[in-house]
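Student: When we follow our numbering, the leftmost residue of the sequence shown carries the number 196, and every step to the right adds one.
Since the hints were made in silico from the structure, they are not lab data. This one's a predicted model, so the numbers in the text were calculated from it and none came from an experiment. Quick reminder that beta carbons are idealized off the backbone N, C-alpha and C, glycines included. Worth double-checking, as some hints may not be accurate.
[Stated by the list, open to error] Only pairs whose alpha carbons sit at most 20 Å apart, straight line, appear in this in silico SDA-like list of lysine to any residue:
(1) K209 x G229
(2) K226 x D305
(3) K400 x L410
(4) K428 x K345
(5) K226 x Q325
(6) K400 x S387
(7) K209 x S257
(8) K345 x K209
(9) K424 x E390
(10) K424 x G408
(11) K209 x E254
(12) K226 x V347
[Said to hold, decoys possible] Derived DEER-like restraints, expressed as beta-carbon distance ranges:
(13) P361 x T322: 14 to 24 Å
(14) Y237 x T340: 32 to 42 Å
(15) T275 x D377: 43 to 53 Å
(16) H272 x S396: 36 to 46 Å
(17) E480 x E402: 25 to 35 Å
(18) E312 x H272: 30 to 40 Å
(19) K400 x E206: 33 to 43 Å
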Amino acid sequence: MSLQIENVMGEIVKGPAFTMPMPWASESFRKALGGTVHRQVYMTDWLAQIDTGRGLLSEASSRPLSEYREYVGGLGHSPTRFELDSSLHSGLGVNGLLGADALSSPAVLDDVELEVEVADRVEDLLTPQQAGRLDAFEDLRRVMTGVDAKVVEMLEGGWHVVREAPPAAAEMAAQCAVEAIDRAIRAAAPDSEVEQWLPSSGRPKKEWHSESGRLTRSVRIRYIMRGYKDEAKMTCTVADNLIALQMQTTSRAQAIKHASAGDLQLARCLLSTAEHILTMLFVVERH
196 MSLQIENVMG
206 EIVKGPAFTM
216 PMPWASESFR
226 KALGGTVHRQ
236 VYMTDWLAQI
246 DTGRGLLSEA
256 SSRPLSEYRE
266 YVGGLGHSPT
276 RFELDSSLHS
286 GLGVNGLLGA
296 DALSSPAVLD
306 DVELEVEVAD
316 RVEDLLTPQQ
326 AGRLDAFEDL
336 RRVMTGVDAK
346 VVEMLEGGWH
356 VVREAPPAAA
366 EMAAQCAVEA
376 IDRAIRAAAP
386 DSEVEQWLPS
396 SGRPKKEWHS
406 ESGRLTRSVR
416 IRYIMRGYKD
426 EAKMTCTVAD
436 NLIALQMQTT
446 SRAQAIKHAS
456 AGDLQLARCL
466 LSTAEHILTM
476 LFVVERH
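Given the sequences, and given the hints that come with them, work out the whole structure.
Tutor: This is the structure we're talking about:
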């Protein structure tokens with residue numbers, strides 16, 4: 196499966212989408228797409244080699260990986276710009292989940308040497324995609340200021356935590372990541388509008404509300420991305436599993452006495468994933 200997804204993306208970046216004289220079909224964008232999938236394949240293959248039954252990956256990354264590869268595999272030879280942008284940011288978000296999931300596994304948490312080794316690999320996974328982060332963040336800042344300015348503050352607060360490295364860095368950054376997403380989707384998908392849309396949405400009623408009676412994140416995201424079923428599904432999956440990893444991080448925070456290399460990389464993974472979710476929802480142009 197790993198080789199297959201890399202071959203599919205290889206054909207896409209050499210195909211018609213990048214032979215048209217379009218300003219966005221640049222060499223840097225082509226490299227970003229190919230590199231995103233290549234690093235994902237490299238990381239999953241390495242984890243598979245060292246796993247030996249230790250359970251380094253859970254459904255929190257395996258399900259998004261599977262759906263992402265299904266999405267990319269279904270694009271065909273001439274995807275639209277929106278589909279390519281979706282492939283890039285969904286892929287980067289999934290890479291963040293992949294790193295966070297590995298760093299959250301009990302086997303890694305119980306083995307200092309393994310934690311350092313996995314953290315180094317996650318560094319290799321994340322660093323190339325951080326190169327253009329500041330430029331991308333400015334686009335996100337510009338858009339989010341018109342949605343809810345507090346979202347940008349939450350993200351910046353999370354990165355400040357990473358730089359300061361307090362004992363509960365991973366937990367604090369995870370909370371910032373999740374709160375940023377929740378604030379953004381609540382602002383962009385108000386209760387009244389979503390409730391009015393739901394009966395005609397085609398979504399099963401069991402998905403509409405949580406046990407507490409509140410609208411679910413899933414239906415808010417699908418409302419924001421209405422008309423783009425596959426991309427909405429991918430974004431929901433990445434967001435749902437970010438939440439799952441945040442809950443894991445919070446549940447073990449009481450035992451953390453200092454911020455290890457693994458904790459800091461985990462924080463980076465979760466914040467990076469949150470930013471790519473928000474980029475999918477609010478920055479990527481849908482036409």
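Student: I'd like to know which numbered hints this structure contradicts. Please list them from smallest to largest.
Tutor: Result: hints 2, 4, 7, 8, 10, 11, 12, 15, 16 break, sorted rising.
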